[in-house]
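Protein chains in written order, with this note's numbering: chain P, 1 to 97; chain S, 101 to 197.
Warning: the hint list may mix true and false statements.
As the list claims (entries may be wrong) - Pairs of lysine to aspartate or glutamate, DMTMM-like flavour, derived with a Cα cap of 20 Å:
id, chain 1, residue 1, chain 2, residue 2
1, P, Lys43, S, Glu184
2, S, Lys143, P, Glu58
3, P, Lys83, P, Glu73
4, P, Lys25, P, Glu73
5, P, Lys83, P, Glu13
6, P, Lys17, S, Glu193
7, S, Lys143, P, Glu93
8, P, Lys43, S, Glu173
9, S, Lys115, P, Glu93
10, S, Lys143, P, Glu73
Note that these hints are calculated values from the structure, not bench results. Nothing here was measured: the structure is a model prediction, and the numbers come from that model.
There are 2 protein chains.
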Amino acid sequence: MAVILINPFEVPEGKEKEALAFWEKAADFMRQQPGYISTRLHKAIVPWARFHYINVAEWETVDHFEKVMNSEEFKNLVGPYMKEFPHYPGIYEVIRT
Amino acid sequence: MAVILINPFEVPEGKEKEALAFWEKAADFMRQQPGYISTRLHKAIVPWARFHYINVAEWETVDHFEKVMNSEEFKNLVGPYMKEFPHYPGIYEVIRT
């Protein structure tokens, strides 16, 4: 069964476009990796949301995602933006509906 | 079209059961409110996730959810737990797939 990656992003005011461009770049890379299934980027529509963007993606396994996340190629790609857009990824399963 | 509520929870180590009980109580209340559609509670399956639980729910409109969130009844229900389990709700729409 697929696992769910959820990744909330903090975006400083006025930096929304830049953050989206960063996300697009990372997403394009992710789409080509083994184990990737799908992704949905959520944008906040209320001013009181702490996280302006939240990505919810499906991956085949935790291992597939961790391998990509820890790869030098990915670190080089996202490194320059890590501090500008603090984000807090985790991998999840649904336990209540 | 429905809107998406996403609510990541920070859970201090050893407090997972207590946090789940708190969530169940809030969810039971939410399920009875006008505008509520559905909910899925996600539990982290990796140790490096900052948020142990993330709720993803559907509501008919932003107004429906805000009305409940700002109600005295809801504030009284969750008030005692607000500080123990910091959480960062927002309402979202999907902008990229």
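Inset, instruction - Against the earlier hints, flag every one the structure doesn't satisfy and list their numbers going up. - result: Hints 1, 8, 10 contradicted; others consistent.
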